[in-house]
Amino acid sequence: MFDLHVLAVGDFGRAVADRLKNRPSTVVSPEADLFQPGLWPRARLRVVAAWRETPALFDLVDSLSFATRTPWLPVTMGVDALRVGPAVLGRQGPCYQCFLGRQYQHQHLRELDSRLFRAYEADPKLGPGGFLEAHVVLAETVAGLAADELLDGDAQAERGRVRSFDLLSAAVTAVSVVPVHGCKRCDREVPDATWRRLSDDLRDIVPVSATAPATEIAAAPTTRRG
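One rule links them: number in the numbering used here = place in the sequence shown (from 1) + 37.
Hints in this document: simulated from the structure, not taken from any laboratory. Some hints could be false.
What the hints assert, rightly or not - Here are the computed distance ranges between Cβ atoms for each label pair:
#1 E186 with A156: 24 to 30 Å
#2 L205 with L76: 34 to 40 Å
#3 V116 with V212: 18 to 24 Å
#4 D189 with R147: 35 to 41 Å
#5 R152 with R106: 19 to 25 Å
#6 D191 with L76: 29 to 35 Å
#7 H218 with G167: 37 to 43 Å
#8 N59 with H218: 36 to 42 Å
Stated by the list, open to error - Listed below are the simulated EDC-like cross-link pairs for lysine to aspartate or glutamate, each with C-alpha atoms no more than 20 Å apart in a straight line:
#9 K58 with D48
#10 K162 with D96
#11 K58 with D70
#12 K162 with D191
#13 K162 with D70
#14 K58 with E186
#15 K162 with D150
#16 K58 with D189
Please read these numbers as outputs of a predicted model, since none were measured by experiment. Glycine included, every Cβ here is placed at the ideal spot set by N, Cα and C.
Let's have the full structure, built from the sequences with the hints guiding it.
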């Protein structure tokens with residue numbers, strides 16, 4: 038098993054991958070294998086370095102992350118910002134879908150962006166192509182630091198972490214994504230805490246027969262109307 042598996046998309050992604058492959062126990066998949074997960078090597082962490090948002094690939098890696106419990110990290114060159122993250126652990130939220138949901142919720146992404154992503158999917162060559170060597174060095178350095186933490190450091194501290202570098206103002210931001218409650222990908226197995234507490238409270242008040250499941254009490258609570 039490798040420590041790091043890199044999937045590279047576009048010239049920028051390949052440039053970042055060329056630097057990351059110098060790390061110990063690192064392998065870079067050929068471009069032909071991007072959507073062939075059966076050909077991906079086993080690894081402790083996957084990094085997807087992309088020249089722009091790549092919704093279909095990001096979603097594929099994200100879904101497999103939770104299926105195989107393999108952490109992953111997107112490195113994305115946008116129109117006006119370089120983004121490293123969110124770091125997805127693959128065992129608990131947030132997932133990449135949570136990240137997108139929060140972006141739309143706080144209007145960092147809008148309907149126009151949704152249309153742009155659909156256009157990206159329809160045309161693999163569509164997108165901003167320019168970048169500087171400094172952008173590659175920055176992306177590889179930050180991704181490498183995040184990888185070190187995810188592999189052998191404090192992975193929980195990296196959970197959901199997003200680092201963004203504005204290409205125009207040089208502003209740097211670091212935030213942690215809050216998981217979306219009830220997310221179909223990363224919160225499916227987490228019981229609703231409100232109903233669980235209500236069930237526990239009712240168990241102390243309402244007598245339960247030895248054969249009746251306790252969950253039936255909380256499943257259909259009765260509300261009296263005066």
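Results of checking the hints against the structure:
1. For E186 and A156, the hinted distance range of 24 to 30 Å is not satisfied, since their beta carbons lie about 35 Å from each other.
2. For the hinted restraint 34 to 40 Å between L205 and L76, the CB-CB distance of approximately 39 Å keeps it satisfied.
3. Between V116 and V212 the beta carbons are some 19 Å apart, a value that agrees with the proposed interval 18 to 24 Å.
4. At roughly 39 Å, the beta carbons of D189 and R147 sit within the given window of 35 to 41 Å.
5. For R152 and R106, the Cβ-Cβ distance of about 34 Å falls outside the hinted range of 19 to 25 Å, so the restraint is violated.
6. Here the CB-CB span from D191 to L76 is close to 32 Å, well matched to the stated 29 to 35 Å.
7. Distance hint check: the CB atoms of H218 and G167 are about 39 Å apart, consistent with the given range 37 to 43 Å.
8. Checked against the hint of 36 to 42 Å, the pair N59 and H218 passes, with Cβ atoms roughly 41 Å apart.
9. For the proposed pair K58 and D48, the alpha carbon gap of about 15 Å is at most 20 Å, so the pair holds.
10. Proximity of K162 to D96 is assessed by CA-CA distance (about 19 Å); at most 20 Å being required, the pair is judged to hold.
11. Among the hinted pairs, K58 with D70 is consistent with the structure: their alpha-carbon atoms are about 17 Å apart, no more than 20 Å.
12. Pair hint K162 plus D191 does not hold up; C-alpha atoms about 38 Å apart against a cutoff of 20 Å.
13. Straight-line distance between C-alpha atoms of K162 and D70 comes to about 18 Å, which keeps the hinted pair within the 20 Å bound.
14. At roughly 18 Å between alpha-carbon atoms, K58 and E186 fall within 20 Å of each other, so this suggested pair holds.
15. Under the criterion of a C-alpha separation no larger than 20 Å, the hint pairing K162 with D150 is consistent with the structure, at around 17 Å.
16. With a CA separation close to 18 Å, the supplied pair K58 and D189 stays within the 20 Å bound.
In terms of the numbered hints stated before, the structure departs from hints 1, 5 and 12, listed from lowest to highest.
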